[in-house]
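Here is how the chains run, residue by residue.
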Amino acid sequence: MSTLQRDPDTRVEILDEDGRVRDGATVPDLDDAELVEMYREMRLGRHFDQRAVSLQRQGRMGTFPPMSGQEGAQVGSAHALRDDDWIIPSYREHAAVYGKDVGLAETLQYWMGDERGNQMDGKPVFPAAVPIATQIPHATGLAWASKLKDEDRVFMCYFGDGATSEGDFHEGLNFAGVFDTPSIFFCNNNQWAISVPRERQTASQTIAQKATAYGFDGVQVDGMDPLAVYKVTRDAVEKARNPDGDAPRPTLIEAVQYRFGAHTTADDPSVYRDDEEVEQWKDRDPIDRLEKYLREEGILDDERIETITDEIEDEVADAIDAAESTERPDPAGIFQHVFDQQPARIAEQQAAFERLRDRHGDEELLE
Amino acid sequence: MSANDTTETDDLTLVQAVRDGLYGEMDRDDEVIVMGEDVGKNGGVFRATEGLYDEFGTDRVIDTPLAESGIVGTAIGMAAYGLKPVPEIQFMGFIYPAFDQIVSHAARIRTRSRGRFTCPMVVRAPYGGGIRAPEHHSESKEAFFVHEPGLKVVVPSTPRDAKGLLAASIRDPDPVVFLEPKLIYRAFRGDVPTEPYTTPLGEAAVRREGSDVSVFTWGAMAQQTVEAADQLAGEIDVEVVDLRTLSPLDTDAIVDSFKKTGRAAVVHEAPKTGGLAGEITATIQEEALLYQEAPIKRITGFDTPFPLYALEDYYLPEPARIKDGIREVVEF
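Heads up: the protein sequence lines correspond to chains A and B, in order. Mapped onto this note's numbering, the consecutive letters of the first sequence carry residue numbers 13 to 379. Mapped onto this note's numbering, the consecutive letters of the second sequence carry residue numbers 18 to 349.
So that you can see chain A by itself, here it is in the shape it has in the complex:
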């Protein structure tokens, strides 16, 4: 049975806080290898996050938006996509885009201030959107174009709870409803838009219920339960891919979760929220829950987990080495990719810039 045709106020849940299957819940049909891979990617995401924050603290990287606590939502949803389905991320989906072969080194490169990290050439991923909610209409447009081309791809757009307050959220979802696009709007409701709590973003009881106004399904899911996230996303993907179904193709998924860390490394959450609240949510840690479930099922044991731990530490260390050993971008890159053909005025400015560098040397210019 689809998880989607239900009251948007009831939350889809499969694992409880101790990783046990809840009464009456059905575990989605995933083979052991895929379950272990989901676990590995969540662990990788967590470790990457911790290392990235520490790189920023050491002055080796600029501002970084951590995502600890949100791995279950990202990995669970990304695994429900087909290889050629698209992801249109915000700026916090490091684990979700990893599922589209966006390497950790590329992600680091972008946050190290190098535009080339945003290229992700050949991968079905749109550049990270730093302004809030602006990617939502783009996602609808991508899906709409694909539909007009008679493809059967699905377009997964991620955004946060704060984004649902922006006009672009309304316009993007409204168009998706009107033009019945193969879209999934995945709201990572992590309870806080920097310092503003979810209750302050909307007087709606849930974010999922907003879908009713756009004429398509909305569903709320435990976003810290990767199996429940996988299940609802899978149902949404199937519906989006089917042009002949009865139900409208778009779906709004509200994944209820928590950001364990700061909004970004420039933020201090102790100013606006209590440690007690953070600790309560940490009891629902998606990694612990999946790990307990997989141990209980005999799919993971200490030895396997130790191997995974070693592997992810190596993978993250290698990514950091790769990002830091990549040559810094050529300053001439400022003038590239502004237009297809460089206008004469920009060419003149570039030439003047190169003369300035010749006269003074980079050291003097950057001091």
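FYI, nobody ran anything at the bench for these hints, they're computed from the structure. On a predicted model such as this, the values are computed, not experimentally measured, just so you know. Be careful, since some hints might not be right.
Below, in silico cross-link-like pairs of lysine to any residue (SDA-like), each with a Cα-Cα straight-line distance of 20 Å or less [claimed, not checked]: (1) K289(B) to L368(A); (2) K58(B) to E211(A); (3) K159(A) to N254(A); (4) K289(B) to R133(B); (5) K58(B) to G273(A); (6) K135(A) to V249(A); (7) K112(A) to P136(A); (8) K304(A) to T319(A); (9) K289(B) to E211(A); (10) K158(B) to V350(A); (11) K289(B) to I253(B); (12) K161(A) to G134(A); (13) K289(B) to A356(A); (14) K159(A) to Q203(A); (15) K294(A) to E25(A); (16) K58(B) to Q203(A); (17) K58(B) to K294(A); (18) K289(B) to P343(A); (19) K277(B) to F349(B); (20) K159(A) to N186(A); (21) K289(B) to P136(A); (22) K289(B) to R32(A); (23) K222(A) to T146(A); (24) K289(B) to E288(A); (25) K277(B) to Q309(B); (26) K58(B) to L368(A).
Derived DEER-like restraints, expressed as beta-carbon distance ranges [what the hints assert, rightly or not]: (27) T26(B) to D113(A): 19 to 27 Å; (28) D374(A) to P265(B): 35 to 43 Å; (29) Q70(A) to T26(B): 57 to 65 Å; (30) G36(A) to R203(B): 21 to 29 Å.
C-beta: ideal position from N, C-alpha, C; glycine also.
We have chain A; now place chain B onto it with these hints.
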């Protein structure tokens, strides 16, 4: 009004002076309210509203939903109904959802209601590059707003001006876009009178007197330009004029300085094409052509999107580029 020697002062950074200015105006006028994303409990992402929430309460220091058009649009309604809202846009790069509200409505409501409704609102936004910030956090797009009739555009470059200009903006009966150069939010401290005071809008300040060439600038570039001018001392006597208000421009100050030197450069970090350097140059041509001894040099950002931070220091004018430009004008 300038502070005399007996005035009590505090040693503040520019962002502390903004906060101090907000505090002073809220304290003296109950109609002044602050609103925006994270301005309340969090005290602003740059701490520009720190402590105001505890002092003035949730009705006057308002954490809003994350919606720039909503923030400015509702502020226009509040302003039309007798309040004096000071909405904050967290970074200038995020102001565009509110662009329609600012240019089509805040700027026009006086004209289109034939003076019945007004918009005494100050939209504050940190702007400019140089702090290794993420994408869309470093733009300088003051020209968009200067181009719009009915808006005032103000940019402080010292702590003392930040407080005085903000107070004048809040007390002004028309809408003001108040752009805060975040590169120098905490770069240095200065004496700031403790009591509220205003620094008049529309008046430039000569930061450094000189006789060979006039350099017009504002915001974070004022500091870079004074530094370049100091380095040129002995070789070229540079006058640095900080415009402080970009709309309405202080034509008299621009023309007076130019008539003295006969040579000029303009320094801004915004892109060159359509930037204010063009407007300043044209003003000089209209008002003082016969005094002109050399082409006027524009020392600006490039006509490219602002690069991510690995390259931003190449993008921003700095003393070497500014000195070269000044020499070109003087050696013509």
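Hints versus structure:
1. K289(B) to L368(A): holds (17 Å)
2. K58(B) to E211(A): Holds - the C-alpha atoms of E211(A) and K58(B) are around 15 Å apart, at most 20 Å.
3. K159(A) to N254(A): holds (11 Å)
4. K289(B) to R133(B): Measuring from Cα to Cα gives roughly 38 Å; hence the hint is violated.
5. K58(B) to G273(A): Distance ~18 Å between K58(B) and G273(A) Cα, so the pair holds.
6. K135(A) to V249(A): holds (19 Å)
7. K112(A) to P136(A): Given that 20 Å is the threshold and the Cα spacing comes to 7 Å, the pair holds.
8. K304(A) to T319(A): This hinted pair holds, its Cα atoms lying about 17 Å apart.
9. K289(B) to E211(A): violated (44 Å)
10. K158(B) to V350(A): It holds: about 17 Å lies between the C-alpha atoms, which stays within 20 Å.
11. K289(B) to I253(B): Not OK: K289(B) and I253(B) at ~25 Å, beyond 20 Å, violated.
12. K161(A) to G134(A): holds (19 Å)
13. K289(B) to A356(A): The hint holds at about 14 Å.
14. K159(A) to Q203(A): Not OK: K159(A) and Q203(A) at ~33 Å, beyond 20 Å, violated.
15. K294(A) to E25(A): Roughly 17 Å between the alpha carbons, so the hint for K294(A) and E25(A) holds.
16. K58(B) to Q203(A): holds (16 Å)
17. K58(B) to K294(A): violated (23 Å)
18. K289(B) to P343(A): This hinted pair holds, its Cα atoms lying about 18 Å apart.
19. K277(B) to F349(B): This hinted pair holds, its Cα atoms lying about 17 Å apart.
20. K159(A) to N186(A): Within the cut-off at roughly 16 Å; holds.
21. K289(B) to P136(A): Violated - the C-alpha atoms of P136(A) and K289(B) are around 36 Å apart, more than 20 Å.
22. K289(B) to R32(A): Distance of about 62 Å is beyond 20 Å: violated.
23. K222(A) to T146(A): Within the cut-off at roughly 18 Å; holds.
24. K289(B) to E288(A): With a Cα-Cα distance of about 52 Å, the restraint between K289(B) and E288(A) is violated, given a limit of 20 Å.
25. K277(B) to Q309(B): holds (10 Å)
26. K58(B) to L368(A): Violated - the C-alpha atoms of L368(A) and K58(B) are around 47 Å apart, more than 20 Å.
27. T26(B) to D113(A): 19 to 27 Å: With a Cβ separation near 59 Å, T26(B) and D113(A) fall outside 19 to 27 Å, so the hint is violated.
28. D374(A) to P265(B): 35 to 43 Å: At 40 Å between Cβs, range holds.
29. Q70(A) to T26(B): 57 to 65 Å: Hint violated: Cβ distance 38 Å, outside 57 to 65 Å.
30. G36(A) to R203(B): 21 to 29 Å: violated (57 Å)
Hint compliance for this structure: hints 4, 9, 11, 14, 17, 21, 22, 24, 26, 27, 29, 30 are not met, and every other hint is.
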